[in-house]
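Residue numbers (my numbering), protein chains in the order written: chain A, 76 to 208; chain B, 511 to 899.
Note that these hints are calculated values from the structure, not bench results. All C-beta atoms, glycine included, are put in the ideal place defined by N, C-alpha and C. Relax, there's no trap hidden among the hints.
Label pairs and their computed distance ranges (CB to CB):
1. B:E630 with A:L155: 20 to 28 Å
2. A:G84 with B:E737: 53 to 61 Å
3. A:E127 with B:N582: 53 to 61 Å
4. A:P149 with B:K550: 48 to 56 Å
5. B:P563 with A:A115: 25 to 33 Å
6. B:P707 with A:H109: 41 to 49 Å
7. A:L155 with B:K740: 55 to 63 Å
8. B:P788 with A:R80: 43 to 51 Å
Footprint (simulated), chain A over chain B, 3 or more residues, beta carbon under 8 Å:
9. 657-670
10. 748-762
Chain B is faced by these chain A residues, among others (derived, beta-carbon under 8 Å):
11. P79
12. R80
13. P81
14. W112
15. Y138
16. S139
17. F145
18. H148
19. F151
20. L161
21. R169
22. C184
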Amino acid sequence: MEKPRPVIGPDNAFFWEGCKRRQLVFQKCKSCGHVRWPPAHVCPKCLEYDWEEIVSSGQGIIYSYVIYHFPYHPGFREELPYVVALVDLMEGPRVLTNIIECDSSALACDLPVEIVWDEEGEIPIPKFRLRKA
Amino acid sequence: MGRVAIIGVGQSAFVRSYPGGIRELAFEGFKEAILDAGIKVSDISASVVCSAPEYDKQRSPAGVIAEYLGLNPQPTFYVESLCSSSSMGLRVAYSLVKSGLHDIVAVIGFQKMSEITSAESQERMGRGADIQWESPFGTMMPAYYAMYAQAHMAKYGTTLEDLALIRVKAATYGQINEKAVYRKAVTLDMFSDPANPMSGPVASPLRVGDCCANADGSSCVIVANEEKAKIFSKKPVWILGLGSATAPVNVTGRELFTGLAVARAAAEQAYKMAGITPDKVDVAEVHDCFTIAEMMAYEDLGFAKPGEGKDLIRSKETYKEGKIPVNVDGGLLSKGHPIGATGGSQIRTIVLQLRGEAGPMQVKDPVIGLVHNIGGVGLYGNVTILGRE
Ligand SMILES: [Zn+2]
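The following block holds chain B by itself, in its conformation from the complex:
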């Protein structure tokens, strides 16, 4: 069996509220990817559609989207693993191509978070807690990242300022990413000014500025076998390693709160499959839904030893010019986090970086890139390693 490549990537602009429906939204990322790959829609032999269903009003969205994108009569189906849905979609597409069942597969991620009202959204977030063992205590899932932050700070001396530095970095690149939802600068002063909304406590120790922006958006990744990649692509990017893991949904069943066990396990698998060590990674996209999530990712991916992630951000080693540039497209914090589209957008960023087409965000001459995409609070973890020739 030959290698598996990514021959086209696309994403919509990530916006606060997309005026059209999910079909139109999915089309935006899809069209960019088709044009990027230089293929016809009929060249795609299967599609994998990824989103988180709690935001969808449409039942079975894969069929509706495949029709709108002209992907009939080829097979399509839906893949869901919360915020890591489209990385899981890529994993499935890899298997479809590697097995020889399909030659070109489109992974289409989308989320229209504004499809439901904020009251509905809050009600659904509340339902995200275990009604039996969590809800009576007034808790809900996303705030658990604060539980990790508290444990990380207590064990390693990570500070609130270290977390704010990650937000400042994200905003540095969000400002130059024309597809980002949050285009403004963020400074440390904002976090120390009680009158600034960024400093407002949400679930202490996390503040408003530590949380990513909700957004509507879509992404698309075109996966092909080696033969098709050589026909269509001048600069194929190869899938070198894939890792995937799960953890107990119920946080009381977890032992580790200073890192994500799923990220460590997925990274280990992906590094092993790619035959590389963490120091070989030239550019990375990590799942910074909260600032603490990026801090833990540095350590879980082996860019820093446990507890030493703070040194990387303090010394700006994860900036574009640093030793290991991370999220130089603004990350989820500034680019935005349209759940089902996020993984595909991260993959797009790394593919553009490896092809030297990342514009003002371009890192110097990267050969190997990594994508870390997490669903829920460390519930599903996917790590993907990509490389150019």
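Bound conformation, chain A alone:
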């Protein structure tokens, strides 16, 4: 079975367009400066519409993580065990992602990570790996 893929709509197309350019882009509110995530057509802090795009450096730290041993979606059966993590990006947003190319026993909260693009599907998906020293 195939893995679930991004569902692209008017509110989030800019994000996946960024991914196609291998860029992690976020919305910064033009009115109050809040960097919001996940994408929304309106700022949750000040309820204004206008925003500009900022490009993330792709650097962050692991806030917390889980090692999956059970395929909640059958598309991930082949990947077991795999790591789902919350990564705090330098630019502010906390994203949900996978940590790949790693020995899961080497993971810990607060370790630095960097972006790596998963090219398996039509749209590259932003994942992370431990930052090389």
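Following the hints, complete the assembly by docking chain B with the ligand onto the known chain A.
Just chain B with the ligand now, with coordinates in the frame of chain A:
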């Protein structure tokens, strides 16, 4: 306006697979509560029916259940907040009674988790993730408690053994609760034996033994105004405090992962309304859908300082004889977790404790009890404080 009381409580046995339908299941908790309250069905002036709809095959179950329980033509309606549905139902019932709109209200919680096949259940759990920002990464909601566990362990030095101690405690009381779905003992050795199913990893750091048991079950709480409570009940239990809060569904929108923000906010409201501090609580029921959830509850409810929950379980202070007994009915871990029925069952346990009718699980002479009931992974939080005269 007078006080609001609970005058009757009931629950079905929690079982792996209930043979009847949702009507029969709901009837079991309802009948026990009616008999407990010593009222007639016609004395109930409204009913609130609580469950999580993803397990229901029946559309608009409130009407179907009200008919079966003989609750026509009184009004009925459905309240849903995932696993905290029946605590939310109690909150609504309190308002209905306090406002004077109704004098006696039944809060009926039920869930027939076995109504759907395990394949359907898994498919629905998968749908529980945000298809846009979560599903592409192979994640789903319940496993997020593991994210909290990892953060709690990293920040405070809580260990896997501390979590296992909570499961051992739950099983101690599950064994003596004849309505529990899991009646067997659990030992620490099971968690350290790789051949034992309890030690099997599900979403690390959580293991099979850290997770609660799915169950079919129902619960019922009869809420009354002060006048009716004095007529019908020799031992009314008063609703002293209610707190309720929400958090972002999307976990990336949350700041705190070493506790549940909803529990802290709901507890603060409930303590304030009741005019008490956490040290006044004599017995508590907390939402231990996973062992880490009980650990965080100790801290979120103020029974321990943040990071010191582990000391409570290590020193057995949350056992029946301890400083603050928690989940001495087996909790969700052993008693079972039939989503919509869970909050009502927790309330029942505390009401029986305060009336001194909890049998082998009875705590010594409690005056004030607390119920902590969470929906989703810290999405909806309800805290209820109850007291006797
Ligand atoms: Zn703004």
